[in-house]
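Protein chains in written order, with my numbering: chain A, 22 to 148; chain B, 6 to 649.
The hints are simulated quantities; they were obtained by calculation from the structure and are not laboratory data. Given the structure is predicted, the values throughout are model-derived calculations rather than measurements. Beta carbons are placed, not taken as given, at the ideal position from N, Cα and C, and that holds for glycine.
Heads up, simulated SDA-like pairs for lysine to any residue below, C-alpha to C-alpha not over 25 angstroms straight-line:
hint, chain 1, residue 1, chain 2, residue 2
1, B, K391, A, L104
2, A, K92, B, E510
3, A, K56, B, F394
4, A, K56, B, W233
5, B, K391, A, A127
6, B, K391, A, I79
7, B, K391, A, A128
8, A, K56, A, E98
9, B, K598, A, P40
10, B, K396, A, W103
11, B, K396, A, V134
12, B, K396, A, Q54
13, B, K391, A, P124
14, A, K56, B, W240
15, B, K396, A, I137
16, B, K396, A, L104
17, B, K396, A, A140
18, A, K56, B, S576
19, A, K56, B, A581
20, B, K509, A, L41
21, B, K509, A, Q45
22, B, K396, A, G119
23, B, K509, A, E89
24, A, K92, A, A77
25, A, K92, B, V450
26, A, K56, B, E250
27, A, K56, B, V444
28, A, K56, B, L527
Per the computed footprint, the stretches of chain B lying under chain A, defined by three or more beta-carbons under 8 angstroms from a beta-carbon of chain A, are:
hint, region
29, 374–387
30, 500–512
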Amino acid sequence: MTIVFALLIAAPALAQKAPLADTQLSDPAQEAQAKALMETIRCVECQGQAIADSNADIAGNMRSLIRERIKAGESPEQVRAWLIQRYGDYISYDPPLGGATWPLWAAPFVLLVIGIAIARSSFRRKR
Amino acid sequence: MIAEGGLAALWLAAVMAVLQLVVASSAVIGGRAEMARAVRPVAIAQGLLTALAMLCLILVFVQSDMSVLLVAENSHSLKPMMYKIAGAWGNHEGSMLLWVTILGLAGGAVAIFERRLDSRTLNATIGAQALIAMGFYAFLLFASNPFARLFPSPPDGNGLNPLLQDPGLAFHPPTLYVGYVGISVAFSFAVGALVTRDVGPAFARAMRPWVLGAWIFLTIGITAGSYWAYYELGWGGWWFWDPVENASLMPWLAATALLHSVSVLATRDGLRAWTIMLAVVAFSMSMIGTFLVRSGILTSVHAFAVDPKRGAFLLALLAIYIGGALALFAARIGTVRQGNTFALVSREGALVVNNLLLSVILGIVLIGTLYPLAAAGWGVQLSVGKPFFDKTVGPVALALVVFIAIGPLLRWRRDEIQALLKRMTWPVAASCAALIVLVPFAWGVGFLPLAALVLAAGLAVASVAPLWGRNLRRTPLFTWGMVVAHLGVAVSLTGMASDSAFTKETLAVLRQGETRAVGPYLVTMTGIRPVVGPNWSAIAADLSIRRGEGGAPFILSPESRFFASPTTTTSESAIATRLDGQLYTVLGQPDGKGGWQVRLWWKPFVTLIWLGGGLIGLGGALSFLGRIRRRKRAVYDEYEEAVA
Numbered sequence: 022m023t024i025v026f027a028l029l030i031a032a033p034a035l036a037q038k039a040p041l042a043d044t045q046l047s048d049p050a051q052e053a054q055a056k057a058l059m060e061t062i063r064c065v066e067c068q069g070q071a072i073a074d075s076n077a078d079i080a081g082n083m084r085s086l087i088r089e090r091i092k093a094g095e096s097p098e099q100v101r102a103w104l105i106q107r108y109g110d111y112i113s114y115d116p117p118l119g120g121a122t123w124p125l126w127a128a129p130f131v132l133l134v135i136g137i138a139i140a141r142s143s144f145r146r147k148r
Numbered sequence: 006m007i008a009e010g011g012l013a014a015l016w017l018a019a020v021m022a023v024l025q026l027v028v029a030s031s032a033v034i035g036g037r038a039e040m041a042r043a044v045r046p047v048a049i050a051q052g053l054l055t056a057l058a059m060l061c062l063i064l065v066f067v068q069s070d071m072s073v074l075l076v077a078e079n080s081h082s083l084k085p086m087m088y089k090i091a092g093a094w095g096n097h098e099g100s101m102l103l104w105v106t107i108l109g110l111a112g113g114a115v116a117i118f119e120r121r122l123d124s125r126t127l128n129a130t131i132g133a134q135a136l137i138a139m140g141f142y143a144f145l146l147f148a149s150n151p152f153a154r155l156f157p158s159p160p161d162g163n164g165l166n167p168l169l170q171d172p173g174l175a176f177h178p179p180t181l182y183v184g185y186v187g188i189s190v191a192f193s194f195a196v197g198a199l200v201t202r203d204v205g206p207a208f209a210r211a212m213r214p215w216v217l218g219a220w221i222f223l224t225i226g227i228t229a230g231s232y233w234a235y236y237e238l239g240w241g242g243w244w245f246w247d248p249v250e251n252a253s254l255m256p257w258l259a260a261t262a263l264l265h266s267v268s269v270l271a272t273r274d275g276l277r278a279w280t281i282m283l284a285v286v287a288f289s290m291s292m293i294g295t296f297l298v299r300s301g302i303l304t305s306v307h308a309f310a311v312d313p314k315r316g317a318f319l320l321a322l323l324a325i326y327i328g329g330a331l332a333l334f335a336a337r338i339g340t341v342r343q344g345n346t347f348a349l350v351s352r353e354g355a356l357v358v359n360n361l362l363l364s365v366i367l368g369i370v371l372i373g374t375l376y377p378l379a380a381a382g383w384g385v386q387l388s389v390g391k392p393f394f395d396k397t398v399g400p401v402a403l404a405l406v407v408f409i410a411i412g413p414l415l416r417w418r419r420d421e422i423q424a425l426l427k428r429m430t431w432p433v434a435a436s437c438a439a440l441i442v443l444v445p446f447a448w449g450v451g452f453l454p455l456a457a458l459v460l461a462a463g464l465a466v467a468s469v470a471p472l473w474g475r476n477l478r479r480t481p482l483f484t485w486g487m488v489v490a491h492l493g494v495a496v497s498l499t500g501m502a503s504d505s506a507f508t509k510e511t512l513a514v515l516r517q518g519e520t521r522a523v524g525p526y527l528v529t530m531t532g533i534r535p536v537v538g539p540n541w542s543a544i545a546a547d548l549s550i551r552r553g554e555g556g557a558p559f560i561l562s563p564e565s566r567f568f569a570s571p572t573t574t575t576s577e578s579a580i581a582t583r584l585d586g587q588l589y590t591v592l593g594q595p596d597g598k599g600g601w602q603v604r605l606w607w608k609p610f611v612t613l614i615w616l617g618g619g620l621i622g623l624g625g626a627l628s629f630l631g632r633i634r635r636r637k638r639a640v641y642d643e644y645e646e647a648v649a
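Use the sequences and the hints to build the structure in full.
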């Protein structure tokens with residue numbers, strides 16, 4: 022619900038103008054940073070798309086916002102933190118490591134350990 | 006009348022499925038020979054009846070019979086014929102009917118063609134097929150009747166989502182469904198073998214063509230789906246780690262692992278329990294794939310709440326199937342010995358590592374896909390996407406690539422490290438050469454793409470190495486299949502890495518006569534014109550394109566299409582394919598001052614992604630042919646022996 026409310030509040034402000042929605046930054050390094058960040062930010066109106074891949078107006082507005090902030094000298098992680106603060110964790114496809122996500126990030130290692138244990142048992146009885 | 010006929014056929018097919026289960030189980034458990042004779046005809050009849058029901062559904066779509074609710078909701082009389090037909094399965098009910106149709110036909114095919122497996126195991130297999138089908142019939146008949154009528158009938162239908170009005174749609178879902186169903190047949194074989202406690206090479210050889218066939222279709226389905234998303238969505242992306250995509254990737258990963266372990270079982274009589282376990286996992290994944298996509302729970306938690314009855318029905322079926330499969334596995338696996346053992350450094354050893362890594366990737370994708378759902382359950386909203394999968398799947402996949410290269414160069418049973426290292430000389434040299442070539446201009450592209458390109462070079466050489474020094478004309482077809490499929494992995498990986506490392510993007514507002522550069526190309530806007538299609542109208546931009554100043558010009562015309570029913574705008578990208586990559590152009594919005602927004606990408610070697618996918622599928626097909634031919638010959642030899 023918080024997301025919906027955040028959107029309702031944010032949408033009119035965002036909708037006014039999005040000059041940098043599809044305009045690249047002149048500095049290629051900054052543009053690359055902005056682009057990489059956009060690929061990891063969720064389009065909240067779409068079904069499972071990043072704002073980098075979406076035709077939705079809100080995605081364009083957010084692309085514009087990201088480019089503006091990167092252009093102003095913010096680091097991609099600062100912009101992401103700002104977006105998360107504003108929209109919640111839902112906005113980032115890169116879930117931050119925390120109380121609710123540690124099992125997720127631990128899963129690959131746990132799976133690898135379990136897998137090795139199972140595989141070892143199929144070798145142990147050899148010869 | 007046709008709709009009622011279809012419904013009647015569906016009911017009869019369901020009755021046949023129940024009969025099939027009764028007949029098969031009394032044959033297997035009760036040992037009744039007269040029942041055993043009825044198993045095959047009943048399975049064939051069930052297949053024919055479902056096919057008849059599907060045919061009826063296609064017919065009402067072709068006739069645009071708007072008194073059928075499904076047609077009114079999803080079709081339109083002005084739609085081109087191909088999309089009317091494809092529309093029959095471009096919706097929830099129709100696609101479930103297609104699923105069960107393919108399942109029924111596959112069951113019939115098992116009944117007709119499988120002649121080598123022990124008859125008790127075969128009957129148990131066909132019984133398991135009936136049990137799977139019954140759940141789908143129940144779901145169709147009680148919760149999603151595709152033939153429901155609508156009164157009064159509307160003058161015309163709502164139309165099909167324009168994004169789906171594409172040749173890709175016509176073939177994508179059926180292809181994936183054939184794959185899912187093939188896996189369910191493989192699973193039925195596993196159930197049959199567990200029931201009769203007959204897990205061995207004979208069972209593995211009976212199961213293998215189904216696994217291989219399913220895997221070929223899944224490979225083609227995923228490859229085609231990826232290309233469809235690439236050109237249709239208009240942003241140049243080819244894989245989004247979208248839950249629906251993951252739902253098709255998971256069965257493929259499981260089937261890939263199963264394909265390799267069933268080979269060990271067929272050839273060396275090892276990995277018995279593991280193969281059965283993978284069959285159960287692969288089946289569970291294809292069920293999760295079908296059910297969670299169809300219930301809508303993955304794309305939107307709300308879609309689930311819209312029709313709680315349907316969602317609850319699907320989840321109950323899912324729980325029964327997977328729970329039942331695991332329970333049978335747990336109850337019987339104690340009696341299945343793992344079979345022949347082997348040394349760590351051996352072909353089997355590499356295949357075990359391959360299986361391990363594939364399973365880890367599968368587990369990561371599964372957890373990553375379902376985690377947001379679970380988190381929503383305890384009140385946390387979060388998203389898991391590309392960055393997570395890149396960081397976790399990426400390194401494991403690269404490790405897997407190393408073992409794909411090593412595996413075929415090892416001998417069965419036992420090999421020596423020294424000998425392996427010697428055989429790896431050329432692949433390692435290729436990787437080193439790639440590293441030296443790439444480092445100067447690919448240093449800034451990041452670790453994953455660079456490592457992928459370097460490993461792909463090594464894999465490309467290693468994958469053809471098994472042909473080295475062999476008489477190519479006497480090399481068995483399935484060896485060719487392995488070589489081609491592994492080479493396909495290297496090719497596809499090169500495309501993926503190259504796309505993420507070297508893509509050039511230009512976003513611009515162009516007026517008539519203005520030129521912008523993207524990669525090696527110069528793109529000039531020469532005009533904007535209207536276009537009229539059968540059920541849409543469009544604005545097309547004519548872009549005149551040259552490669553460098555002196556290049557011969559050619560025209561690309563990306564379009565922005567407007568559909569009236571339902572009202573939607575789509576971007577039709579225009580793509581120029583060259584040997585060294587694709588130029589991808591998209592038309593966006595007008596700026597109101599005579600300029601038009603265009604998005605231009607130069608994507609070096611991006612086509613290799615799908616070319617590689619095609620090679621992987623082709624490798625599977627060669628393997629399939631090789632196995633079928635060898636099997637035929639084996640049957641013939643038996644016949645000869647019997648006659649002699």
